[in-house]
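With chain Z's structure known, arrange chain G on it following the hints.
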Amino acid sequence: MKTSAARRLVGPALGVLVFVAVTGIWQLWAGAEDSFLVPTASEVAKRAWDVWPTSDFLSEVGQSMKRYAAGFAIAAAIGIALGLLVGASHAARRTLDPFLECLRAVPAIAIVPAAILILGLGDASRIAVIAFGLCFPILVNTAEGVRGIPLEVRDTASMLHVGRVERASRIYLPAALPSIMAGLRIAVSLGLVLVIVSEFVGEQNGIGYYLIIQQSKFDYPALYAGILFLGLLGYLLNRLFLLVERRVLAWHYRAAGE
Amino acid sequence: MSEPVLRVSCLEKRYSDVGPAAIADVTFDVFGGELLAVVGRSGGGKTTLLRLLCGLTPPTTGSVHLDGRLVSSPPREAAIVFQDYSRSLFPWLNVGSNVMFPLRREREPHSEKHARVEAVLAEVGLEGVGKKYPWQLSGGMQQRVAIARALVSRPEILLLDEPFASVDALTRAELQDLVLRLHELQEHGVTILHVTHDIDEAVYLADRVLVLSGTPGRIVASVDVGLPRPRKQTETRSSSRFLALRNELHGLIAAPEPVQSTPASR
Numbered sequence: 001m002k003t004s005a006a007r008r009l010v011g012p013a014l015g016v017l018v019f020v021a022v023t024g025i026w027q028l029w030a031g032a033e034d035s036f037l038v039p040t041a042s043e044v045a046k047r048a049w050d051v052w053p054t055s056d057f058l059s060e061v062g063q064s065m066k067r068y069a070a071g072f073a074i075a076a077a078i079g080i081a082l083g084l085l086v087g088a089s090h091a092a093r094r095t096l097d098p099f100l101e102c103l104r105a106v107p108a109i110a111i112v113p114a115a116i117l118i119l120g121l122g123d124a125s126r127i128a129v130i131a132f133g134l135c136f137p138i139l140v141n142t143a144e145g146v147r148g149i150p151l152e153v154r155d156t157a158s159m160l161h162v163g164r165v166e167r168a169s170r171i172y173l174p175a176a177l178p179s180i181m182a183g184l185r186i187a188v189s190l191g192l193v194l195v196i197v198s199e200f201v202g203e204q205n206g207i208g209y210y211l212i213i214q215q216s217k218f219d220y221p222a223l224y225a226g227i228l229f230l231g232l233l234g235y236l237l238n239r240l241f242l243l244v245e246r247r248v249l250a251w252h253y254r255a256a257g258e
Numbered sequence: 259m260s261e262p263v264l265r266v267s268c269l270e271k272r273y274s275d276v277g278p279a280a281i282a283d284v285t286f287d288v289f290g291g292e293l294l295a296v297v298g299r300s301g302g303g304k305t306t307l308l309r310l311l312c313g314l315t316p317p318t319t320g321s322v323h324l325d326g327r328l329v330s331s332p333p334r335e336a337a338i339v340f341q342d343y344s345r346s347l348f349p350w351l352n353v354g355s356n357v358m359f360p361l362r363r364e365r366e367p368h369s370e371k372h373a374r375v376e377a378v379l380a381e382v383g384l385e386g387v388g389k390k391y392p393w394q395l396s397g398g399m400q401q402r403v404a405i406a407r408a409l410v411s412r413p414e415i416l417l418l419d420e421p422f423a424s425v426d427a428l429t430r431a432e433l434q435d436l437v438l439r440l441h442e443l444q445e446h447g448v449t450i451l452h453v454t455h456d457i458d459e460a461v462y463l464a465d466r467v468l469v470l471s472g473t474p475g476r477i478v479a480s481v482d483v484g485l486p487r488p489r490k491q492t493e494t495r496s497s498s499r500f501l502a503l504r505n506e507l508h509g510l511i512a513a514p515e516p517v518q519s520t521p522a523s524r
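Protein chains in written order, with the numbering used here: chain Z, 1 to 258; chain G, 259 to 524.
The following block holds chain Z by itself, in its conformation from the complex (with noise of 0.2 Å):
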């Protein structure tokens, strides 16, 4: 009892033992160096708190917020309407697997430009780059958990006179969903990389902008600040989605017996 009841303390602590180490050789090391390019982690956690809770700062991460969620939706409702589509007819798949396959290959990053010169420099080029970008990991996933359905439940269906549309959205949507809540789970990380990159170019707010403009005033705490506030961002959404996800498919986790 002892024992197992230490090693589930061995875990955590380690955990916290590493972030400490990391941040002190950090602090160390940037106290040695002693140059306005690297700050200590004590100034740049200063910095984090005085700037965090500001309305300036909290209005980039919305702005950066609403394209980040404009973008996911866009993107998983197209990919997961055409991932059930190339799921579950042969024929479509034939159709449109060069064609995505092609598309798949460009990174989102590379339309940047493009998507700029077609919609102008406001968010709905933004939040093309995030959809488009979003598009295909959903649409994968999709398209896979449809074609892994048993035969059963595919017979089951015709036995039961289940016509298209009700097959797509009352058979295969639930019986895909733990594939497609994969699809959706890499969709969450990827979008704040690409809502990041998008606000590189050409943009007035959000938290892209927010870090470029910081990086040319050569307020480098304030910069290493905001890569921070991404960190914990990033960490934040990736547990939300995992208690979603908890959520949605409680019969798939209970049923394989977890």
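Derived from the structure by calculation, the hints contain no laboratory data.
Backbone N, C-alpha and C define an ideal beta-carbon position, used for all residues, glycine too.
Check the hints yourself; a few may be wrong.
Said to hold, decoys possible - Quick list of simulated restraints, FRET-style, between CB atoms:
#1 299/G - 104/Z: 43 to 49 Å
#2 272/G - 95/Z: 24 to 30 Å
#3 447/G - 148/Z: 38 to 44 Å
#4 148/Z - 272/G: 24 to 30 Å
Claimed, not checked - Derived list of chain Z stretches under chain G, where covered just means 3 residues or more per stretch with a C-beta under 8 Å from a C-beta of chain G:
#5 154-164
#6 170-183
#7 220-227
As the list claims (entries may be wrong) - Far from chain G, some chain Z residues (derived; all Cβ distances over 12 Å):
#8 13
#9 18
#10 32
#11 35
#12 48
#13 59
#14 123
#15 149
#16 150
#17 200
#18 201
For chain G alone, kept in the frame of chain Z given last:
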């Protein structure tokens, strides 16, 4: 005898142009109220036959008629129970919703549908589990749910594809008796076609046993069981006629020459 419920004529299924067909020259009738078993080896074309009967796969040649109408897609009058209950039930729906699913388009009040679901669950011995999820039930209970879902729309014929092959022996015996009970129900006893590799099970349940054997699979014998009903696990299985029938069927499956009449059949 009356018109058959299911009429199968000269059915053949080929999956490829080379090699033998999966089944060939399969002809038989199933009559209303009959409990017919088809026995054969695993991989002998049993599942192919069943998929052809319920219109899930088109035949290469031959035809299936249900109530005199040609079967070209899954007919409303037929329901099927698959071997793998863990895959055929919808894990995201609870038991009640699984059983209610076939009624989704029927135009009766929800309360009436609900009552039908409760009634059919009671019929298969599952009162009060409607709110549970399939994974909260044992394998045998899950298969009862699958049977309830098949019965809820009151099909004319119930097709069972090795339904008890994935449960333990005691549960299997209980489920066999459930099938007998459903078949013998006074008001709406259902016609059943039961496909199995288990010779004892076929003899214990059926009025008549067809032997599917050879490559391609053909019906090599039709054996009338003629054991008295109601049947009892211990009594029926220890009767001399039961033993004679199972020995005869073992012989038929082992040596698949076409046999027209057999000593044990009447």
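Beyond 12 Å from each Cβ of chain G, as asserted for residue 35/Z
58 Å, holds
Beyond 12 Å on every Cβ pair: is that true for residue 150/Z relative to chain G?
Violated, since 4 Å does not exceed 12 Å.
Is it correct that the beta-carbon of residue 201/Z has no partner in chain G closer than or equal to 12 Å?
Its Cβ never comes within 12 Å of chain G, the nearest being 43 Å, so this holds.
Using a Cβ cutoff of 8 Å, are there at least 3 residues of the region 170-183 of chain Z near chain G, or does the coverage claim fail?
n = 4 at 8 Å, threshold three: holds.
Report holds if the minimum CB distance from residue 200/Z to chain G is greater than 12 Å, and violated otherwise.
42 Å, holds
Consistency of the no-contact label for residue 13/Z, given chain G and a CB cut of 12 Å:
Fine: 36 Å to the nearest Cβ keeps residue 13/Z off the interface.
Does residue 59/Z sit more than 12 Å from chain G, CB to CB?
41 Å, holds
Between residue 148/Z and residue 272/G, is the Cβ distance one that fits in 24 to 30 Å?
Check passed, 28 Å falls within 24 to 30 Å.
Is the gap between the beta carbons of residue 447/G and residue 148/Z within 38 to 44 Å?
39 Å, holds
Far enough from chain G: is every CB of that chain over 12 Å from the CB of residue 149/Z?
9 Å, violated
8 Å C-beta criterion, at least three residues: is the region 220-227 of chain Z covered by chain G
With 0 residues in contact (Cβ-Cβ under 8 Å with chain G), the coverage given for the region 220-227 of chain Z is violated.
Is the nearest Cβ of chain G still more than 12 Å from the Cβ of residue 48/Z?
Holds, since 43 Å exceeds 12 Å.
Of the numbered hints given earlier, the model fails hints 7, 15 and 16; all others are met.
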